[in-house]
Amino acid sequence: MIRILLADDHALVRRGVRLILDSEPDLEVIGEAADGSEALALAAADPPDLAVLDIAMPRMTGLQAARELSRSHPDLRILILTMYDNEQFFFEALRVGAAGYVLKSAADRDLVEACHAAMRDEPFLYPGAETALIREYLERARTGADIPDRAVTEREEEVLKLVAEGHSTKDIAELLYISVKTVERHRSNILAKLGLKDRQELTRYAIRAGLIEP
Amino acid sequence: MSLFWRIFSLNAAVLTVAALVLLFAPVTVSATARLAEALIILAGTAVTLVANAVMLRVGLSPLARLTRVMTTIDLLRPGTRLVARGQGEIAQLITAFNAMLDRLETERASSAGRALSAQEAERHRIAQELHDEIGQTLTAVLLDLKRVAKASPDPVRDQLLQVQESTRNSLDEIRRIARRLRPGVLDELGLASALRALAGEFTTAGLAVRRQVHSDLPVLPKEVELVLYRVAQESLTNAARHSAAQHVDLVLSEQNDGGVRLCVRDDGRGLRGAPEGAGIRGMRERALLIGADLSVESGVTGGTSVQLSVPA
Ligand SMILES: Nc1ncnc2c1ncn2[C@@H]1O[C@H](COP(=O)(O)OP(=O)(O)OP(=O)(O)O)[C@@H](O)[C@H]1O
Ligand SMILES: [Mg+2]
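For the protein sequence lines, the chains are A and B, in the order given. Those letters in the first sequence? Residues 1 to 214, by UniProt numbering. Those letters in the second sequence? Residues 1 to 312, by UniProt numbering.
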């Protein structure tokens, strides 16, 4: 059973998230906090396996709480659940020790999967961050900087370029006459090949690429 | 000497010379003037008038300079002043005019400043409410829908899935609107991150935004960061809308004197003499607000560059 601590300043959202998570057989919400400092107090009293934190909260933001939590509870996995779709927040989350980043507008779809990924210590990338990482990769490949070089197939190369140009998965599927599922498989293969499926490796890469400060 | 006495004395001098010439020159005029006499008198009058005209022109030239400055003055490019040369009233007039310009520029800057900060505050408030109220409620609705869909019989579930998708779309839309109104990154993570994110937002298949944001920038006041962000935003909007460029470079660097400099340069078709619209004027207003220097230029080879230098 994965024991989860939930922090969000909106009671309605907390209730929704709790009901979704509790309905999964292996997930259980053991505590709810309305801000970052309450989350710290709850985690100190009864350490959970996973903390799901909103970013914009009064008194102490989710990012600040994540930094504190990963310092005081190194084994705790952290997931950010937020309205902000901005890859800069994702990189910042990564920097303060979070394993994943889920947009609230995709929470119904992604949250449960992200919880499982976090427990496997795999990063749960949100689409905007993926695009930013791939763009960075292509730019560095162009300028000859050091990049993890693992053979990327021609088809994957095509997908890479389209992702970097800001096309959505659906667009890419239409442009290349393949199914959305296939595009998704290509994307996840690419990320695995670039070493972005491993949290530590991803963090190191983002620091090297100057996407976040060490 | 006042303008009145100056003109009076110039006229008096000319008339006196003419009178002296008449008194002491060896000429007489017959009762019915002969042709030669008439010609001399006409020539004398002409000389007098020309002399008078030249003197008046010299005397009034500071007024002409003042008029030129008055017709070309632009409150968005402050600092144009006339040297108070000339005498008496003219110098006073110029000094008074300069003082009036000072007052106008200060008043204009402060009212523009008030308007802009009121606008920013309002945007901030609306963005926050969209984010915190509507956004969160819709998130809760989305999560509830998922649960209800799971527990529903098949035909209803399909319909609920569609409702879920449209809820998701409006949530995305609200987030986009809130972000345009006021970027949360700027407040939470600072200018460098906000500019990186901005560059990403403007990158499309046809336009590559290359950013170079130096990481060792001096710490800037919040209002300066906001101006830098808004100028970058408008410059990128213009590049995307008008330039047909393939590349835009966005550079934020520190200057030798400890100030910072933002440069947004595209390789598109250039301004081609287009008049400045609300966008560029808005950038000028904001630059004025923090005492920064803004230039918008096109090179001979095309392309447009916007440069904002913020003093330390
Ligand atoms: N990067 C650019 N490349 C080419 N032309 C430009 C560029 N930036 C501005 N212009 C020209 O200058 C004009 C004025 O720009 P400005 O931003 O002031 O107004 P606008 O973009 O037309 O409207 P808005 O008020 O929405 O910004 C534009 O209409 C366009 O013709
Ligand atoms: Mg414009």
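If you're looking for bench data, these hints aren't it; they were derived computationally from the structure. Beta carbons: idealized from backbone N, C-alpha and C, even for Gly. A portion of the hints provided could be inaccurate.
To be verified - Simulated DEER-style distance windows between Cβ atoms:
hint, chain 1, residue 1, chain 2, residue 2, range
1, A, Leu12, B, Val251, 36 to 46 Å
2, A, Arg208, B, Pro218, 39 to 49 Å
3, A, Asp26, B, Leu161, 19 to 29 Å
4, A, Leu12, B, Ser111, 35 to 45 Å
5, B, Ser117, A, Ser23, 13 to 23 Å
6, B, Lys150, A, Leu12, 17 to 27 Å
7, A, Glu158, B, Ala115, 43 to 53 Å
8, B, Ser117, A, Asp26, 32 to 42 Å
9, B, Ala109, A, Glu158, 23 to 33 Å
Evaluated hints:
1. A:Leu12 with B:Val251: 36 to 46 Å: holds, 44 Å
2. A:Arg208 with B:Pro218: 39 to 49 Å: violated, 25 Å
3. A:Asp26 with B:Leu161: 19 to 29 Å: holds, 24 Å
4. A:Leu12 with B:Ser111: 35 to 45 Å: Between Leu12 (chain A) and Ser111 (chain B), where Cβ atoms are some 43 Å apart, the hint holds.
5. B:Ser117 with A:Ser23: 13 to 23 Å: violated, 48 Å
6. B:Lys150 with A:Leu12: 17 to 27 Å: Because 19 Å falls inside the window, the suggested range holds.
7. A:Glu158 with B:Ala115: 43 to 53 Å: holds, 50 Å
8. B:Ser117 with A:Asp26: 32 to 42 Å: With Cβ atoms ~52 Å apart, the hint is violated.
9. B:Ala109 with A:Glu158: 23 to 33 Å: violated, 53 Å
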